[in-house]
Amino acid sequence: MSSNPHPRSFIDVTHYSENSRQNGKFSRPHSYLMQSPRIEIASDGPEFSRIVLGLWRIANWNMSPAQRLSLVEQALELGITTIDHADIYGDYDGERLFGEALALAPALREKMEIISKCGIRLLSANRPAHRLKHYDTGREHIIASVENTLTALHVEYLDLLLIHRPDPLMDADEVAEAFTALRRDGKVRHLGVSNFTPAQFELLASRVPLMTNQVELSVMHMDAMYDGTLDQCQRLRIAPMAWSALAGGRLFDDKDPRAERLRKALTSIAERHGVSMTTIAYAWILRHPSRPLVLTGSQRIEAMEEAVAATGLTLAREEWYSIWTASTGTSVL
Amino acid sequence: MSSNPHPRSFIDVTHYSENSRQNGKFSRPHSYLMQSPRIEIASDGPEFSRIVLGLWRIANWNMSPAQRLSLVEQALELGITTIDHADIYGDYDGERLFGEALALAPALREKMEIISKCGIRLLSANRPAHRLKHYDTGREHIIASVENTLTALHVEYLDLLLIHRPDPLMDADEVAEAFTALRRDGKVRHLGVSNFTPAQFELLASRVPLMTNQVELSVMHMDAMYDGTLDQCQRLRIAPMAWSALAGGRLFDDKDPRAERLRKALTSIAERHGVSMTTIAYAWILRHPSRPLVLTGSQRIEAMEEAVAATGLTLAREEWYSIWTASTGTSVL
Amino acid sequence: MSSNPHPRSFIDVTHYSENSRQNGKFSRPHSYLMQSPRIEIASDGPEFSRIVLGLWRIANWNMSPAQRLSLVEQALELGITTIDHADIYGDYDGERLFGEALALAPALREKMEIISKCGIRLLSANRPAHRLKHYDTGREHIIASVENTLTALHVEYLDLLLIHRPDPLMDADEVAEAFTALRRDGKVRHLGVSNFTPAQFELLASRVPLMTNQVELSVMHMDAMYDGTLDQCQRLRIAPMAWSALAGGRLFDDKDPRAERLRKALTSIAERHGVSMTTIAYAWILRHPSRPLVLTGSQRIEAMEEAVAATGLTLAREEWYSIWTASTGTSVL
Numbered sequence: 022m023s024s025n026p027h028p029r030s031f032i033d034v035t036h037y038s039e040n041s042r043q044n045g046k047f048s049r050p051h052s053y054l055m056q057s058p059r060i061e062i063a064s065d066g067p068e069f070s071r072i073v074l075g076l077w078r079i080a081n082w083n084m085s086p087a088q089r090l091s092l093v094e095q096a097l098e099l100g101i102t103t104i105d106h107a108d109i110y111g112d113y114d115g116e117r118l119f120g121e122a123l124a125l126a127p128a129l130r131e132k133m134e135i136i137s138k139c140g141i142r143l144l145s146a147n148r149p150a151h152r153l154k155h156y157d158t159g160r161e162h163i164i165a166s167v168e169n170t171l172t173a174l175h176v177e178y179l180d181l182l183l184i185h186r187p188d189p190l191m192d193a194d195e196v197a198e199a200f201t202a203l204r205r206d207g208k209v210r211h212l213g214v215s216n217f218t219p220a221q222f223e224l225l226a227s228r229v230p231l232m233t234n235q236v237e238l239s240v241m242h243m244d245a246m247y248d249g250t251l252d253q254c255q256r257l258r259i260a261p262m263a264w265s266a267l268a269g270g271r272l273f274d275d276k277d278p279r280a281e282r283l284r285k286a287l288t289s290i291a292e293r294h295g296v297s298m299t300t301i302a303y304a305w306i307l308r309h310p311s312r313p314l315v316l317t318g319s320q321r322i323e324a325m326e327e328a329v330a331a332t333g334l335t336l337a338r339e340e341w342y343s344i345w346t347a348s349t350g351t352s353v354l
Numbered sequence: 022m023s024s025n026p027h028p029r030s031f032i033d034v035t036h037y038s039e040n041s042r043q044n045g046k047f048s049r050p051h052s053y054l055m056q057s058p059r060i061e062i063a064s065d066g067p068e069f070s071r072i073v074l075g076l077w078r079i080a081n082w083n084m085s086p087a088q089r090l091s092l093v094e095q096a097l098e099l100g101i102t103t104i105d106h107a108d109i110y111g112d113y114d115g116e117r118l119f120g121e122a123l124a125l126a127p128a129l130r131e132k133m134e135i136i137s138k139c140g141i142r143l144l145s146a147n148r149p150a151h152r153l154k155h156y157d158t159g160r161e162h163i164i165a166s167v168e169n170t171l172t173a174l175h176v177e178y179l180d181l182l183l184i185h186r187p188d189p190l191m192d193a194d195e196v197a198e199a200f201t202a203l204r205r206d207g208k209v210r211h212l213g214v215s216n217f218t219p220a221q222f223e224l225l226a227s228r229v230p231l232m233t234n235q236v237e238l239s240v241m242h243m244d245a246m247y248d249g250t251l252d253q254c255q256r257l258r259i260a261p262m263a264w265s266a267l268a269g270g271r272l273f274d275d276k277d278p279r280a281e282r283l284r285k286a287l288t289s290i291a292e293r294h295g296v297s298m299t300t301i302a303y304a305w306i307l308r309h310p311s312r313p314l315v316l317t318g319s320q321r322i323e324a325m326e327e328a329v330a331a332t333g334l335t336l337a338r339e340e341w342y343s344i345w346t347a348s349t350g351t352s353v354l
Numbered sequence: 022m023s024s025n026p027h028p029r030s031f032i033d034v035t036h037y038s039e040n041s042r043q044n045g046k047f048s049r050p051h052s053y054l055m056q057s058p059r060i061e062i063a064s065d066g067p068e069f070s071r072i073v074l075g076l077w078r079i080a081n082w083n084m085s086p087a088q089r090l091s092l093v094e095q096a097l098e099l100g101i102t103t104i105d106h107a108d109i110y111g112d113y114d115g116e117r118l119f120g121e122a123l124a125l126a127p128a129l130r131e132k133m134e135i136i137s138k139c140g141i142r143l144l145s146a147n148r149p150a151h152r153l154k155h156y157d158t159g160r161e162h163i164i165a166s167v168e169n170t171l172t173a174l175h176v177e178y179l180d181l182l183l184i185h186r187p188d189p190l191m192d193a194d195e196v197a198e199a200f201t202a203l204r205r206d207g208k209v210r211h212l213g214v215s216n217f218t219p220a221q222f223e224l225l226a227s228r229v230p231l232m233t234n235q236v237e238l239s240v241m242h243m244d245a246m247y248d249g250t251l252d253q254c255q256r257l258r259i260a261p262m263a264w265s266a267l268a269g270g271r272l273f274d275d276k277d278p279r280a281e282r283l284r285k286a287l288t289s290i291a292e293r294h295g296v297s298m299t300t301i302a303y304a305w306i307l308r309h310p311s312r313p314l315v316l317t318g319s320q321r322i323e324a325m326e327e328a329v330a331a332t333g334l335t336l337a338r339e340e341w342y343s344i345w346t347a348s349t350g351t352s353v354l
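Chains as they are written, first to last, in the working numbering: chain A, 22 to 354; chain B, 22 to 354; chain C, 22 to 354.
The set of hints was computed from the structure by calculation and includes no laboratory data. Glycine included, every Cβ here is placed at the ideal spot set by N, Cα and C. Among the hints, erroneous ones may be present.
Claimed, not checked - Dumping the calculated DMTMM-like pairs for lysine to aspartate or glutamate here, alpha-carbon to alpha-carbon at most 20 Å:
hint: 1; chain 1: A; residue 1: Lys208; chain 2: A; residue 2: Glu161
hint: 2; chain 1: C; residue 1: Lys154; chain 2: A; residue 2: Glu161
hint: 3; chain 1: A; residue 1: Lys154; chain 2: B; residue 2: Glu339
hint: 4; chain 1: B; residue 1: Lys154; chain 2: C; residue 2: Glu339
hint: 5; chain 1: C; residue 1: Lys208; chain 2: C; residue 2: Glu177
hint: 6; chain 1: A; residue 1: Lys132; chain 2: A; residue 2: Glu161
As the list claims (entries may be wrong) - A short list of chain A residues far from chain B (calculated; beta carbon distances all over 12 Å):
hint: 7; residue: Leu118
hint: 8; residue: Gly120
hint: 9; residue: Arg284
For reference, chain A alone in the conformation it holds in the complex:
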């Protein structure tokens, strides 16, 4: 895909998972890739790690700055060099928590790619002027939001800025202008979107190059495969990013027949490959020909390892469709 400046080592490790969710049932030895591979997310686009560390829950982890730094260092060791933020995560405080850790080891900045998002105005004690939750993709808000983000993160620039949600009031020319100004000032290198329909993507892409569409995608949420979103990504050779890749934990917790079917199908395949069912759930997404990047949202190193392990595993079509069949509850037509 692209020449890789980051040397990778592929090490077979015999590993006993201690994923407590799985009650020890799957504590069989398995091998995993030591590091996430890297991918050029678009033609002439930046190169990111296929597994991305998503920090939407960072404020819930009650970590000290040193613990946060350690988490990031462990992610980097796994080849997870791409970090996903948003201005609003942690009630507008998540980026600061990350920046506080990064300030302890500023040289790490150049070893990672940083994504952030803007475009939502949240009701928050940290934004007392907001009186209604709404979107804002105006020039002024985009630029102010990025500047806040850079300050909070203790960085000079973002590798990728995403418009967080489609805004009916989005003036595509105005977004393009805001991005052009930010790029000119060295504050943002690339632009993308999140949760955009194909028509919304096509509109903004007609004014400014877009590098990705970060969308919900998992074995429990396949809409993007059928509504044209991933078709568009593949056509334009834009790698999508998958959020909620484990369905926010519902994959493990839901009691309904669908979740039961999925756990059974994933477990069966996991046992065959000697990995956890979580790894198979990630591998199912990674198998898509649009080449999705996958976000992980856990602070546990084992959870990151389960995601990285998925990058070394290509599901057979029959395996992929047995999961599809478990999810839909029906055979293909």
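With the hints as your guide, set chains B and C onto chain A.
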């Protein structure tokens, strides 16, 4: 957007609305723009007034020709120079009623832009040959319909012809041929559509330039914002036109919780701006970045003024979203 | 549309239909076209017969090889020169049954155009390795499937290969590579798809020219007219192909009000034209401006004649819409 050959005066007028719908509750003084601004509806397209006089109810008004002429003159004084017709309005008699008035002052023709539509065959005593309501976008019907329209309106040409409804039997080449013939003969200057999906628009636009898509759009009907219609307009820099901008009066009359919420939200914003809630309902549409033109369908001069007033008012994003929230009954995601 | 190397004779024949489904009610004399016309299905695409012999039921007909050959010869006499197969028809045995007949008169190959499809893996005693019904649009499967098909049909090449169903795992580059290799080897001349959404079509068409989209279309199934599928075909000047043109017989058998309304509407028009209601059901499809080809799936020569007769008959718009109205149960807007 374009140089404006029509000098406009912006006059602050203290105005007491007498809108009987509002029971005097909103009879606060407000200022409004004296005239509707003008807008180039497409690149190299015609320039229209942002507020358009829609005459679909002209036959219900029981006006004399002189009264109809007076209505048009008052609209022109408000800068409402664009007039929207269709062959079928008033059971195929509306255009004649307008033409009868225009014949009293033929020089007015060059002070206005005239839109009409064709493509529907209505069951009507005025069309005894019709045995079934259906669409017809055949060459013969388009040309015959336009010729009827020109005769009825007492004009030599239309500024814009719209295909009224998407016809599954539409042969895009045939429509393009019909328009080319009409343009060559000086009978129609521009072509557009109404109520087309993005795919239908893309089909016809692949054969002939289209200047607009006239669609239903109001605080009670937001589909066009989410189904790709307005995204396509903005992408192609084509201004849409909004019909049923007040939801056919349901905005004022409906008793359901949604209409109640909307009236409350609109009223609150209206009071802040010193205008009527009707003006805010129009301003909500005009705020969209696709730059919609808005149709008004009333014979009352006060109603036209309420629409023109909206062109001088840009809703804050928070205001716009508070109306969106009232309409959907939910916060944004 | 294209020069026609096949001389056609248009012969008026007084014909008493003996379609037993119709209880003799419609046994009025009617004329039909002696031969199906031909059509270039895409710019620089192949020329096919407008009526296509679909062989998805061939294995149910319990015919001897000589009877199968006779069926094909009769189809050719009617100008039905295009034959539609799929690897999976007849539980993977249909193509062999056809090939067995063709082997009796191999010179017929050059008098016909042969379509086949691949991309579905069926659970079948004839494919014991399959453990789950699923799609497969991988290079290896496409090429192996075509090679099986050529062997079974006793032919050297296919005129058109279709991807049978949209596969979420379709890598468009890989499909394009597989087709390029097959074309280079003289095994397949053109590529198309079946049952693809517009977004899926646009994706694959971005990598390799597509000649058709074979979709469900009938008086009982109009989705393709409204979801953008036929708009896309017309825009790209690609003729679609209509499968299940008689709704799998439900048009004749269903007891619900919709089928009753349709039979009444079709019969009334059929009587006016002196043809069977089946002919009108085909003519309804053929009237669409995207120029659909229509598949017939019957082994009865009378059924083929009823389809060919439809090609000589252009429904009036009012007739077409009276059927539309019967199908939807509502007038147009």
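(message) Confirm or reject: A:Leu118 is not an interface residue toward chain B, with every Cβ-Cβ distance exceeding 12 Å.
(response) The assertion about A:Leu118 holds, with a minimum of 24 Å to chain B.
(message) Between the alpha carbons of B:Lys154 and C:Glu339, is the straight-line distance 20 Å or under?
(response) holds, 8 Å
(request) Given the hint that A:Lys154 pairs with B:Glu339, test it: the Cα-Cα distance must not exceed 20 Å. (result) Measuring from Cα to Cα gives roughly 8 Å; hence the hint holds.
(request) Beyond 12 Å from every chain B Cβ: check whether that's true for A:Arg284. (result) Holds, because the least Cβ-Cβ distance between A:Arg284 and chain B comes to about 28 Å, which exceeds 12 Å.
(request) For the pair we were handed, A:Lys132 and A:Glu161, check the Cα-Cα distance against 20 Å. (result) Distance of about 30 Å is beyond 20 Å: violated.
(message) Checking one constraint from the list: CA of A:Lys208 to CA of A:Glu161, max 20 Å. Satisfied?
(response) Answer holds: A:Lys208 to A:Glu161 is near 15 Å, not above 20 Å.
(message) Given the hinted pair C:Lys154 and A:Glu161, is their Cα-Cα distance within 20 Å?
(response) violated, 53 Å
(message) Next pair to validate is C:Lys208 with C:Glu177; report whether the Cα-Cα distance is within 20 Å.
(response) At roughly 6 Å apart (the allowed maximum being 20 Å), C:Glu177 and C:Lys208 satisfy the hint.
(request) Classify the label on A:Gly120 as holds or violated, using whether its beta-carbon is more than 12 Å from each beta-carbon of chain B. (result) holds, 27 Å
Hints 2 and 6, counting from the list given before, are not met by this structure.
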